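Trainee: Kindly generate the complete structure, drawing on both the sequences and the hints.
In terms of the numbering used here, the sequence shown is numbered consecutively and its last residue is 532.
With a Cα cut of at most 25 Å, we get these calculated SDA-like pairs of lysine to any residue: (1) Lys380 with Gln399; (2) Lys380 with Val403; (3) Lys380 with Ser322; (4) Lys380 with Val509; (5) Lys380 with Val512; (6) Lys380 with Leu304; (7) Lys380 with Gln249; (8) Lys380 with Arg256; (9) Lys380 with His390; (10) Lys380 with Gly181; (11) Lys380 with Arg395; (12) Lys380 with Ala402; (13) Lys380 with Val401; (14) Lys380 with Val298; (15) Lys380 with Arg516; (16) Lys380 with Leu504; (17) Lys380 with Ala406; (18) Lys380 with Arg180; (19) Lys380 with Arg250.
FYI, nobody ran anything at the bench for these hints, they're computed from the structure.
Because the structure is a prediction, the values reported are computed rather than measured.
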Amino acid sequence: MTIHGRMGTAVHLAIGLGVLGAAGYAFVAVVGHVFSGPADAGVLSALISLYLLVNIIGPGIFAALEQETSRAVSAATARGEPLRPIARHSGVLALCSFGALVLLVLGAWPLVLSRVLDERPGMLVALIVAIAGSGAVYWARGVLGGQQRFPAYARTLYVEGAARLLPCLVLLVLALRSPIGYAMAFAVGSAVAALSVAPVLRLTPAAAAPARVEGMGRSLSYLVVAISLSQLVANLAPVVVTYRSPDDLVTAGVFGSTFVLARIPLFLFAPVQAVLLPKLTRAATLGHHETLERRLRQAVAVVVAAGAIGVAGCVWLGPWAAEALFNTAFRPSAAMLGLLGAATLVMMTVLVVQPTLLALGRQRVVTLGWVAGSVVFLALLVLLPEPVGAALRAQIVGPLVVLGVFVVGVVRALRQLEFGSAPESSPGRRR
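Mentor: Shown next, in the form of structure tokens:
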């Protein structure tokens with residue numbers, strides 16, 4: 102890619118990330134101001150929990166679909182194979198995933214979800230709408246990312262952000278205090294973003310050779326487990342703190358807002374995977390392993406630098422920002438924000454190593470890492486006595502376990518390639 106092309110991609114992604122990031126944090130800030138009284142503590146916790154649940158359930162499943170679609174499209178493009186069968190097969194997998202998620206959410210409603218969402222069925226509807234939109238937009242991003250069409254990919258980001266931000270601002274200007282209105286305003290953004298790129302999807306076959314769609318379902322099943330667990334580790338802590346603190350919802354609300362603030366670098370980093378995965382997959386498919394290693398080293402260096410800046414920002418500016426921007430009931434401590442910033446750095450490092458394993462066909466290693474890290478995370482989160490302290494410890498230790506498994510997996514994979522072992526390029530092969 103030329104320098105001009107790289108600059109264009111960077112500009113488009115920056116616009117998309119800025120708008121989408123502003124929309125997400127504006128939602129939290131706006132509802133924090135609108136529902137700021139003690140009597141509204143339950144509503145505020147429910148809306149923040151909805152925000153986090155959308156980031157767990159929707160992207161947890163459909164980010165896996167995006168990555169598998171992007172990997173398959175990128176590999177097919179490198180081999181000169183047609184793309185339409187891959188996109189069609191991926192769409193079927195998206196519909197099946199949506200149906201399974203709806204059944205899961207409906208089953209969880211009478212057990213725990215109704216309590217988390219303040220016994221409001223309208224928020225359940227908003228959650229289902231958000232899941233449907235996520236399925237559509239992540240499928241489109243997988244197709245676009247696999248073709249390295251990043252300007253169109255970025256369009257989905259800033260359209261999604263605008264579709265979330267503008268309705269929330271309208272509700273705020275009109276002084277409407279409707280929890281369901283804010284929930285639906287946040288939920289519809291993904292569907293609008295998917296519709297915005299529907300006319301520009303190009304699926305013309307690249308050649309007459311048959312496309313390789315076998316194994317996509319198995320690979321997706323690995324990634325669904327892995328990415329669902331990654332979203333759980335990234336977002337579940339405030340939900341559990343709220344559930345464990347029925348008599349102190351004010352503190353739970355402050356922790357939730359603080360948690361969202363400290364996660365800003367992780368949120369902004371998410372589309373970097375979309376850029377890395379097709380490039381790494383192409384390098385692995387064509388046997389350019391030195392290129393793959395170089396890109397990984399560069400990405401890790403960038404992550405460490407950005408993460409260090411994020412930790413410093415959390416410590417120095419975080420307490421003030423939480424109080425000023427999110428209208429928290431009291432100012433959180435710099436130590437809390439520093440620990441959350443360090444946890445974000447570890448998560449960012451994990452997410453930059455993961456595409457390398459996917460490009461090399463090590464989906465099973467990815468799943469193993471997230472299973473191990475999630476077990477440790479949940480054990481600390483639930484079993485330690487003080488909810489906030491338990492959440493802070495879980496957020497650091499769990500991702501460190503994942504990172505350890507990933508590093509071992511990458512080293513082993515590259516060593517096998519160095520000694521001439523065949524790469525596991527097909528997701529249908531045994532791993």
